[in-house]
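Asks: So the sequences go chain by chain: V and B.
To convert, take the position in the first sequence, counting from 1, and add 4; that gives this note's numbering.
To convert, take the position in the second sequence, counting from 1, and add 4; that gives this note's numbering.
To be clear, the hints were calculated from the coordinates, so they are not data collected in a lab.
Heads up, a few of these hints could be off.
Taking lysine-lysine pairs in the DSSO-like style, the calculated list, with each CA pair at most 27 Å apart, reads [unchecked claim]:
id: 1; chain 1: B; residue 1: Lys83; chain 2: V; residue 2: Lys24
id: 2; chain 1: B; residue 1: Lys135; chain 2: V; residue 2: Lys87
id: 3; chain 1: B; residue 1: Lys24; chain 2: V; residue 2: Lys83
id: 4; chain 1: V; residue 1: Lys46; chain 2: B; residue 2: Lys24
id: 5; chain 1: B; residue 1: Lys87; chain 2: V; residue 2: Lys40
id: 6; chain 1: B; residue 1: Lys163; chain 2: V; residue 2: Lys46
id: 7; chain 1: V; residue 1: Lys46; chain 2: V; residue 2: Lys135
id: 8; chain 1: V; residue 1: Lys87; chain 2: V; residue 2: Lys40
id: 9; chain 1: B; residue 1: Lys135; chain 2: V; residue 2: Lys24
id: 10; chain 1: B; residue 1: Lys87; chain 2: B; residue 2: Lys112
id: 11; chain 1: B; residue 1: Lys13; chain 2: V; residue 2: Lys163
id: 12; chain 1: V; residue 1: Lys135; chain 2: B; residue 2: Lys83
id: 13; chain 1: B; residue 1: Lys40; chain 2: V; residue 2: Lys87
id: 14; chain 1: B; residue 1: Lys135; chain 2: V; residue 2: Lys163
id: 15; chain 1: V; residue 1: Lys163; chain 2: V; residue 2: Lys40
id: 16; chain 1: V; residue 1: Lys83; chain 2: B; residue 2: Lys83
id: 17; chain 1: B; residue 1: Lys13; chain 2: V; residue 2: Lys135
id: 18; chain 1: B; residue 1: Lys40; chain 2: V; residue 2: Lys163
id: 19; chain 1: V; residue 1: Lys46; chain 2: V; residue 2: Lys24
id: 20; chain 1: B; residue 1: Lys124; chain 2: V; residue 2: Lys13
id: 21; chain 1: V; residue 1: Lys124; chain 2: B; residue 2: Lys40
id: 22; chain 1: V; residue 1: Lys46; chain 2: B; residue 2: Lys124
id: 23; chain 1: V; residue 1: Lys163; chain 2: B; residue 2: Lys163
id: 24; chain 1: V; residue 1: Lys46; chain 2: B; residue 2: Lys87
id: 25; chain 1: B; residue 1: Lys87; chain 2: V; residue 2: Lys163
id: 26; chain 1: B; residue 1: Lys163; chain 2: V; residue 2: Lys40
id: 27; chain 1: V; residue 1: Lys40; chain 2: B; residue 2: Lys13
id: 28; chain 1: B; residue 1: Lys46; chain 2: V; residue 2: Lys40
id: 29; chain 1: V; residue 1: Lys13; chain 2: B; residue 2: Lys163
id: 30; chain 1: B; residue 1: Lys163; chain 2: V; residue 2: Lys87
id: 31; chain 1: V; residue 1: Lys46; chain 2: B; residue 2: Lys40
id: 32; chain 1: V; residue 1: Lys24; chain 2: B; residue 2: Lys112
id: 33; chain 1: V; residue 1: Lys13; chain 2: B; residue 2: Lys40
There are 2 protein chains.
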Amino acid sequence: MTTNHLLVKMVFDRWNTLLKNCDNILQSITDEQLQKEIAPNKNRGIYILGHLIAVHDAMLPLLNLGEMEHPELYEIFVKSPDKSAETIPSVQELRVLWKNQLETLTPKLESIATEEWFEKHTSVAAEDFEKEPHRNKLNIILTRTTHLSYHVGQLILLK
Amino acid sequence: MTTNHLLVKMVFDRWNTLLKNCDNILQSITDEQLQKEIAPNKNRGIYILGHLIAVHDAMLPLLNLGEMEHPELYEIFVKSPDKSAETIPSVQELRVLWKNQLETLTPKLESIATEEWFEKHTSVAAEDFEKEPHRNKLNIILTRTTHLSYHVGQLILLK
């Protein structure tokens, strides 16, 4: 196993473990619990669920894997704060989107070869990448993993 | 920059960013806020602060950087749940320990050479490491980074 292969495995082990943790929490709480605020006057569980789906959907164009599948979610759950949108998808709808994303995202990520993870992602210019080679595709997974962990630490409070 | 160097930098960028985020939150909240529960009937801020100090202290023996400096904190803040210990350090004492740890841990981690990060940590046997080379020292930083992010997502709720 090359060091590059090893590093990709280390990062994906964390990413997959946290996705699984998050999925377990979501399965263990009711729709009513997801409607609640994680703490008084803070974001609701439903907002965090929509936020995670939208942020993970936005990884697709960053990794050159195609367009976002649900750009409308990005508007509601990333660009706007909780309780500001007139209508948002229901918990049931978001649960279906989450489940579908879990099933479809992994094979897409697995289609990227080891060496390609060390190439630049789409939002960094080639000349900047020469000076900042850490702005590679693997770094997208790494930053989304810590982002996911941050919100898993919040969703667990609904239990 | 070799790929190994790059990967160590990527992981440490995340670790250092989250330590800084955590420190900023701690500086922006009062001692009284830290005494509060992050959500009703959940851990108090003071417990999470002690927990982070203890978990980061326990990285020293794992990385072969010496003994834990505060093993008593591990008993109180890792082995025991919140509100179970008879006495715990005050918020003021924990703030001093956190600050000292921030100042002393970074140079210790920086003393580890790039290639050494891919060697086994102390809690994995040599024969297991041959089969599981991802159980290296860098993986300790990676797992502690997602652990830190999880709790930063909770401490922010005290603001």
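Asks: All hints are to be evaluated individually against the structure, with a verdict given for each.
Replies: How the hints compare with the structure:
| no. | hint | result |
| --- | --- | --- |
| 1 | B/Lys83 with V/Lys24 | holds, 25 Å |
| 2 | B/Lys135 with V/Lys87 | violated, 50 Å |
| 3 | B/Lys24 with V/Lys83 | holds, 25 Å |
| 4 | V/Lys46 with B/Lys24 | holds, 22 Å |
| 5 | B/Lys87 with V/Lys40 | holds, 25 Å |
| 6 | B/Lys163 with V/Lys46 | holds, 10 Å |
| 7 | V/Lys46 with V/Lys135 | violated, 39 Å |
| 8 | V/Lys87 with V/Lys40 | holds, 12 Å |
| 9 | B/Lys135 with V/Lys24 | holds, 24 Å |
| 10 | B/Lys87 with B/Lys112 | violated, 32 Å |
| 11 | B/Lys13 with V/Lys163 | violated, 36 Å |
| 12 | V/Lys135 with B/Lys83 | violated, 45 Å |
| 13 | B/Lys40 with V/Lys87 | holds, 25 Å |
| 14 | B/Lys135 with V/Lys163 | violated, 37 Å |
| 15 | V/Lys163 with V/Lys40 | holds, 11 Å |
| 16 | V/Lys83 with B/Lys83 | violated, 40 Å |
| 17 | B/Lys13 with V/Lys135 | holds, 14 Å |
| 18 | B/Lys40 with V/Lys163 | holds, 19 Å |
| 19 | V/Lys46 with V/Lys24 | holds, 24 Å |
| 20 | B/Lys124 with V/Lys13 | holds, 16 Å |
| 21 | V/Lys124 with B/Lys40 | violated, 43 Å |
| 22 | V/Lys46 with B/Lys124 | violated, 41 Å |
| 23 | V/Lys163 with B/Lys163 | holds, 22 Å |
| 24 | V/Lys46 with B/Lys87 | holds, 24 Å |
| 25 | B/Lys87 with V/Lys163 | holds, 19 Å |
| 26 | B/Lys163 with V/Lys40 | holds, 19 Å |
| 27 | V/Lys40 with B/Lys13 | violated, 39 Å |
| 28 | B/Lys46 with V/Lys40 | holds, 15 Å |
| 29 | V/Lys13 with B/Lys163 | violated, 36 Å |
| 30 | B/Lys163 with V/Lys87 | holds, 19 Å |
| 31 | V/Lys46 with B/Lys40 | holds, 15 Å |
| 32 | V/Lys24 with B/Lys112 | violated, 33 Å |
| 33 | V/Lys13 with B/Lys40 | violated, 39 Å |
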